[in-house]
Structures are given as C-alpha cells and as structure tokens.
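Chemist: For reference, the chains in residue letters:
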Amino acid sequence: MKLLYFAWVRTRTGIAEETVSPPAGVNTVSALIGWLCARGPGYAAAFADLKAVRVAVNQEHAGFDVAIKPGDEIAFFPPVTGGRDDKGSAAGF
Amino acid sequence: MKLLYFAWVRTRTGIAEETVSPPAGVNTVSALIGWLCARGPGYAAAFADLKAVRVAVNQEHAGFDVAIKPGDEIAFFPPVTGGRDDKGSAAGF
Amino acid sequence: MIKVQQQDFDLAAEIAELTRGRTDIGGVVSFTGLVRDVSDGAKVAAMTLEHYPGMTEKQLAAIERDACARWPLSASLIIHRYGRLMPGEQIMAVVTASAHRQAAFEAAEFLVDWLKTKAPFWKLESDGAAESWVEARDSDDTAAGRWEKG
Amino acid sequence: MIKVQQQDFDLAAEIAELTRGRTDIGGVVSFTGLVRDVSDGAKVAAMTLEHYPGMTEKQLAAIERDACARWPLSASLIIHRYGRLMPGEQIMAVVTASAHRQAAFEAAEFLVDWLKTKAPFWKLESDGAAESWVEARDSDDTAAGRWEKG
Numbered sequence: 004m005k006l007l008y009f010a011w012v013r014t015r016t017g018i019a020e021e022t023v024s025p026p027a028g029v030n031t032v033s034a035l036i037g038w039l040c041a042r043g044p045g046y047a048a049a050f051a052d053l054k055a056v057r058v059a060v061n062q063e064h065a066g067f068d069v070a071i072k073p074g075d076e077i078a079f080f081p082p083v084t085g086g087r088d089d090k091g092s093a094a095g096f
Numbered sequence: 004m005k006l007l008y009f010a011w012v013r014t015r016t017g018i019a020e021e022t023v024s025p026p027a028g029v030n031t032v033s034a035l036i037g038w039l040c041a042r043g044p045g046y047a048a049a050f051a052d053l054k055a056v057r058v059a060v061n062q063e064h065a066g067f068d069v070a071i072k073p074g075d076e077i078a079f080f081p082p083v084t085g086g087r088d089d090k091g092s093a094a095g096f
Numbered sequence: 037m038i039k040v041q042q043q044d045f046d047l048a049a050e051i052a053e054l055t056r057g058r059t060d061i062g063g064v065v066s067f068t069g070l071v072r073d074v075s076d077g078a079k080v081a082a083m084t085l086e087h088y089p090g091m092t093e094k095q096l097a098a099i100e101r102d103a104c105a106r107w108p109l110s111a112s113l114i115i116h117r118y119g120r121l122m123p124g125e126q127i128m129a130v131v132t133a134s135a136h137r138q139a140a141f142e143a144a145e146f147l148v149d150w151l152k153t154k155a156p157f158w159k160l161e162s163d164g165a166a167e168s169w170v171e172a173r174d175s176d177d178t179a180a181g182r183w184e185k186g
Numbered sequence: 037m038i039k040v041q042q043q044d045f046d047l048a049a050e051i052a053e054l055t056r057g058r059t060d061i062g063g064v065v066s067f068t069g070l071v072r073d074v075s076d077g078a079k080v081a082a083m084t085l086e087h088y089p090g091m092t093e094k095q096l097a098a099i100e101r102d103a104c105a106r107w108p109l110s111a112s113l114i115i116h117r118y119g120r121l122m123p124g125e126q127i128m129a130v131v132t133a134s135a136h137r138q139a140a141f142e143a144a145e146f147l148v149d150w151l152k153t154k155a156p157f158w159k160l161e162s163d164g165a166a167e168s169w170v171e172a173r174d175s176d177d178t179a180a181g182r183w184e185k186g
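Chains as they are written, first to last, in the working numbering: chain A, 4 to 96; chain B, 4 to 96; chain C, 37 to 186; chain D, 37 to 186.
The hints are all genuine.
Here are the computed lysine-lysine pairs in the BS3-like style, where the Cα-Cα straight-line distance is at most 25 Å:
#, chain 1, residue 1, chain 2, residue 2
1, D, Lys39, D, Lys94
2, B, Lys5, C, Lys94
3, D, Lys39, D, Lys154
4, D, Lys94, A, Lys72
5, A, Lys54, D, Lys154
6, B, Lys5, B, Lys54
7, B, Lys72, B, Lys5
8, C, Lys39, C, Lys154
9, A, Lys54, A, Lys5
10, B, Lys54, B, Lys72
11, D, Lys154, D, Lys94
12, C, Lys94, C, Lys39
13, A, Lys54, A, Lys72
14, A, Lys5, A, Lys72
15, B, Lys54, C, Lys154
16, D, Lys154, A, Lys5
17, B, Lys5, C, Lys154
18, A, Lys5, D, Lys94
19, C, Lys94, B, Lys72
20, C, Lys154, C, Lys94
Interface residues of chain D toward chain A, partial, derived using beta-carbon atoms under 7 Å:
#, residue
21, Val71
22, Ser75
23, Glu86
24, Met91
25, Trp158
26, Trp169
Some chain C residues flagged as far from chain B (calculated, every beta-carbon gap over 10 Å):
#, residue
27, Met37
28, Gln43
29, Asp46
30, Ala48
31, Ala49
32, Glu53
33, Thr55
34, Gly57
35, Arg58
36, Thr59
37, Asp102
38, Ala105
39, Trp107
40, Pro108
Everything labelled a hint here was simulated from the structure, so no lab data went into it. All C-beta atoms, glycine included, are put in the ideal place defined by N, C-alpha and C.
Bound conformation, chain A alone:
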C-alpha cells in the first residue's frame, strides 16, 4: 500500500511518501499506525498525538478503525488550516 504524509506529519516521518507491505494482520488504520510506530522514532513522533492527525483512505476522509488492504492509498496529515481571521494567519481571507 502507498502511504502519504503531509505538513508536520511529513516533517516528523522525514519522508513524503513510501510504499509498504505490512503483514496481513495489519488491516485497519490503527493497526497500520501501530506497525509504523515500531519502525522508528520519527513515526512514533508523528503519531504521538492522534487527536491532531487526520487520515484519508483512497483520498476519502476516514476514521482510525477503517479497514485497509493492499493497493490502498493512505494519507496522514494535520487538520487543514485554511488560514484564520483577523489576527490569524498570513492567509488573510
């Protein structure tokens, strides 16, 4: 399966995308995250606060309990930040 990382999730994993073949038992987003965290401290840091991480499976928003299978495209990213009002971000609108 193809994995994609965006924004600070990407800066923590250290890579933007990779193709992985986890064992058959890794068949949900949660299980995939567990498997990834065992691969190194960058992954563990990226997934340390799951409340701050969003998931998409095949380009659709998904929960952590969603089933995944070989061939899926799975992306991890922070909540989107369209920019904020007033005293907010430089994205003024």
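Using the hints, position chains B, C and D against chain A.
Modeler: Showing chains B, C and D alone in chain A's frame:
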C-alpha cells in the same frame, strides 16, 4: 436658473438643459413647473404625471414645495432604474 | 474611490491598483454587473445609460462613505459606466477589501443593492428597432430596504 | 471549474473566460484571498502552501457541485494556489455568476467559508528565520457551520 432634464423627461421637453429667468413669483419647484407647462406642449407632457417625476435642486433630491432662487440648478428626471432582477431589465445585476 | 466613465474597465487592474503596496488586506470581494440580452422576455440589442454628471459622483461618494462607516474596509471602489452598452458588456463594478471577509461581502452586497435601486442612472433599452426607458420596480426597493437602520 | 496551480492568476481574464459568449448572466461575484504580512502579531516574510494533489481537486469539485445544487449559478470557478507565496500575493479566488445577484453573493461566501476551513491545504509560515505550521482555529469552523443544513 439652470434647468436639466433627463431620460424620458428630456425626450418630452425636447432639450437636455436650458437657462431660464422666470418672474420673481416663481419661487418654488411647483411654481416653476406651472410656469414651464405654460411654455409649450412638450413641457406639459413632461409634467403631466408628477408622481413619475423626481426633482433635484443643486444636485440634492428635493420635494415640489422646495424654494428655488436665481442661480439654482434644478433637474427633473424619472425615478432611477438601476436595473431589475431576473426577468427585469438588460441591466442584469 | 468613485469612477463614472464611458469606457470599459479591467477588474484585475482596478483591484491591483486598489491593493498595491498593501500587505494588510486579507480578502477582496468584487461584483461586476453585466448587460443581459433579455428584458422581461424581450430581446435586447443594446442599452444606453444616462446619468446626471456631478450629482452621480456625489451620491456614489456618499454611499461609499456610508459603507466605510458601517464596515471595517481597507479600501473600496465603485465603477459605473454610462453610454451605449451591448449584451455581455460590463456595466458596473463594486470592489471592497477588508481584513474580515464577511465585512467585505456585506459591504459589497450593500453597495450593489444601493446601486441597483438608488444610483442616478436611467436605462434606455433597444430591441434593434424600438427604444424604451426602463421603469423602476418594487422588488429592488425591497432588497435595498433590508439595509435600513432601525 | 477547479484550478489548483502554483502560478498566479489574472482575475479579469478568468472571469472573461467564464462568462465569454454568455449574455444571460446578470452579475459576477468574486472573492480573492491575499497573503498578509502579519500572523497573530508576528511578521510573516513568506508562506508555503502544501496540499494533497488528487484529493484536493476532488474535494473542491464536490463543494462546487454542492454550491451549484444550492444556488442557481450560471457558472463558477475555484482557483487555489500552492507553493511559496509572499505577502500581498493572491492565494485563491472564488467566482460565481448568476442571474440573481444575491445567489451569486451567497454561493461565493459559502465557498470561501468552506475553503477557509475545510480545503486540504496546510500552511507553513516563515518570519525570515524560523518556520512554523499554522494550526486550525475554532472561529473558522463557526463561520462554516452556519451553512450546515438542518
């Protein structure tokens, strides 16, 4: 005083602007209209339906009872038509 | 800024001029009014806008001041054309810039409603043969009425 | 129409393309979002937008379809840039065209609210030295929330 006519008021009077010196007793918009109507059928047609005529004195909207004096700029025109919605005018907005 | 002119305008150039050198503006709303080719179902070949030079500019400047007093605008522009226009041509534009996008939207809508109902322009429509003056209609007054205070 | 691109855009050219040959459109509303030079009081030298190619276009197309289903639009356009942007530069634009000016205004505001809160873009701000990811904030969700049905 300077008189201005716009839109169909202008097409009825037949002129866009003119300078007139009515007698001293003609000191309100109403009196001016009466005096103009006596000058010819074009004026009489322009002022036949006063509900459809708007007045500005020195570029400010005014009522028919407003006082006027030599040197004033007095304009007569229909209600403005900014364009209408939907099935309205070609001014689509 | 108020521009009453016969010639066409380039919206992007007008917005660029309005926001040039400004790095504090979050959003810019624009509304462009176009000439349609139908009026009450009848085909329109051309439209001629007549106005009262001098009074028009005064009234547009007054409503722009009003909008700036009611909403926190960084910049604003009203352009209105007069003369003969063909279907598809631009008639007018309103541009509002603000740090607050909702303020920019509301102020633009307020100005457009006002322009549609109160701006001193008269419209003569031609179907290619006959010409007729467009009359005012109540529904527009209703739209402008929602901005009245109290 | 959806355009996700790195390069800048010319709003007037985009509107002209969208309305070309159309003589049934009464009004065109646009909103252009700009980069500001401050963020929570701190100076911003540049902003980098990252997105999820493929998913971004899908989501923008879906919200555009939603807007077209809710309002009688003649045409619509969403442009969103990504990559490195400097203060004063255009980030995004929404254009809506309709025979009904209020529909055009409402649909544009709906799309802008959505883009601000839900569009899959992440923003990295730089003050010239350090860089930091912009986090989401609740007030924007509130603005988008007013469009929820029921």
